[in-house]
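Participant: Chain by chain, the residues:
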Amino acid sequence: HLQEIEIVCCILTIMAGKNRFASGIPTDDEQATGLEKIVLEASKRGTDPYSILKPQEYAGSKQDPHIVPSITNKRIVGCVCEEDNTAVVWFWLHQGEAQRCPSCGTYYKLVPHELPH
Amino acid sequence: MAHQAHAYHMVDPSPWPLTGAIAALLMTSGLAIWFHFHSTVLMTLGLILLLLTMYQWWRDIIREGTFQGHHTPPVQKGLRYGMILFITSEVFFFLGFFWAFYHSSLAPTPELGGCWPPTGITPLDPFEVPLLNTAVLLASGVTVTWAHHSIMEGERKQAIQSLTLTILLGLYFTALQATEYYEAPFTIADGVYGSTFFVATGFHGLHVIIGSTFLAVCLLRQVQYHFTSEHHFGFEAAAWYWHFVDVVWLFLYVSIYWWGS
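From first to last, the protein sequence lines stand for chains V and W. The first sequence runs contiguously to residue 117 in the numbering used here. The second sequence runs contiguously to residue 261 in the numbering used here.
Just chain V, with the same shape it has in the complex (with noise of 0.2 Å):
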């Protein structure tokens, strides 16, 4: 049996044809395309920008806003002032002045977000 074992492992790895790639395997800074490659690239640059990773926390001071990212030049806030709350504040957040929670008053500040094309 073993022989024909090796025989097939044989013919296998010589229709495998030629090594294309070092060892033989790609990597997937050499094989990823499409979103796989746009996000990879973006997390070698240090930057998240399909959002994948937990959001910051910030104080949500004056000075510490709570950084919201934005595609456009305004998003929709909901703001959950205490945890467990069960009545959420919902507000458009605008481009410009950090904006306060109506009923809690922290800080938010829409940021531009890139979106790779």
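These are calculated hints, taken from the structure and not from any lab test. In this text, all values refer to a predicted model and were calculated from it rather than measured experimentally. Some hints could be false.
[Said to hold, decoys possible] The calculated DSSO-like cross-link candidates involving lysine-lysine, where the alpha carbons are at most 27 Å apart (straight line), are:
hint: 1; chain 1: V; residue 1: Lys54; chain 2: V; residue 2: Lys74
hint: 2; chain 1: W; residue 1: Lys157; chain 2: V; residue 2: Lys74
hint: 3; chain 1: V; residue 1: Lys54; chain 2: W; residue 2: Lys77
hint: 4; chain 1: V; residue 1: Lys37; chain 2: V; residue 2: Lys54
hint: 5; chain 1: V; residue 1: Lys74; chain 2: W; residue 2: Lys77
hint: 6; chain 1: V; residue 1: Lys62; chain 2: V; residue 2: Lys37
hint: 7; chain 1: V; residue 1: Lys54; chain 2: V; residue 2: Lys109
hint: 8; chain 1: V; residue 1: Lys74; chain 2: V; residue 2: Lys62
hint: 9; chain 1: V; residue 1: Lys54; chain 2: V; residue 2: Lys44
Once you have looked at the hints, place chain W on chain V.
Facilitator: Frame of chain V, contents of chain W only:
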């Protein structure tokens, strides 16, 4: 805004869920037609449609992931959850048959002679072919792990060899089990012993065939450079499934073949 601002994959419309549902309908009703009217046409049609659906649906997933790059890390995470949940559902499927086996064998009824194995049943010797089968599947677990490490370390030739070996071991198991079925001194019609034995080991054998097929597809993809050293979830899913098949066999061997003899 033409492009999405998230990393998820909103799939394009596809006919395969519909053809799959139609296949399920044809196979089930076809089964009933076969039982009552002796015609296998409907069921066969359903089976063909099922095979076509599987081929085209999974081909499309490979196109979307490997060739179009839609399988970003969050998408891959979802696929991992999906495979784990599916395997979990299969665990429960087998749990049912083990329940049936233990129900009948722990308290054998007077009709069976009050003993297990029942009167008149000569069980297979667990230390003959079944033990070889255990060794074969355990070895295939080693070779599939070897294949995984080969892929991660970029060793193309070793990955192909170890994956091929894994598949050959799976085929060897199937061949051995087929001869066991042929040579067995009892049949599925031999009371509850026959029923529990052949339904449990039969479904297991089907899963070995499914697992071997999945691994074979991975081999073809590996040969065609689909997998990278970091991203090869299709292979990982096949390996998880293969380990699951191995574990089910170990439970079958200990419960039905060994304790049950």
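Participant: Indicate, hint by hint, whether the structure satisfies it.
Facilitator: The hints, checked one at a time:
1. V/Lys54 to V/Lys74: holds, 21 Å
2. W/Lys157 to V/Lys74: violated, 54 Å
3. V/Lys54 to W/Lys77: holds, 15 Å
4. V/Lys37 to V/Lys54: Within the cut-off at roughly 20 Å; holds.
5. V/Lys74 to W/Lys77: Given that 27 Å is the threshold and the Cα spacing comes to 31 Å, the pair is violated.
6. V/Lys62 to V/Lys37: Cα-Cα ~38 Å, so violated.
7. V/Lys54 to V/Lys109: holds, 18 Å
8. V/Lys74 to V/Lys62: holds, 19 Å
9. V/Lys54 to V/Lys44: Holds - the C-alpha atoms of V/Lys44 and V/Lys54 are around 17 Å apart, at most 27 Å.
Checked against the numbered hints above, the structure breaks hints 2, 5, 6 and satisfies the rest.
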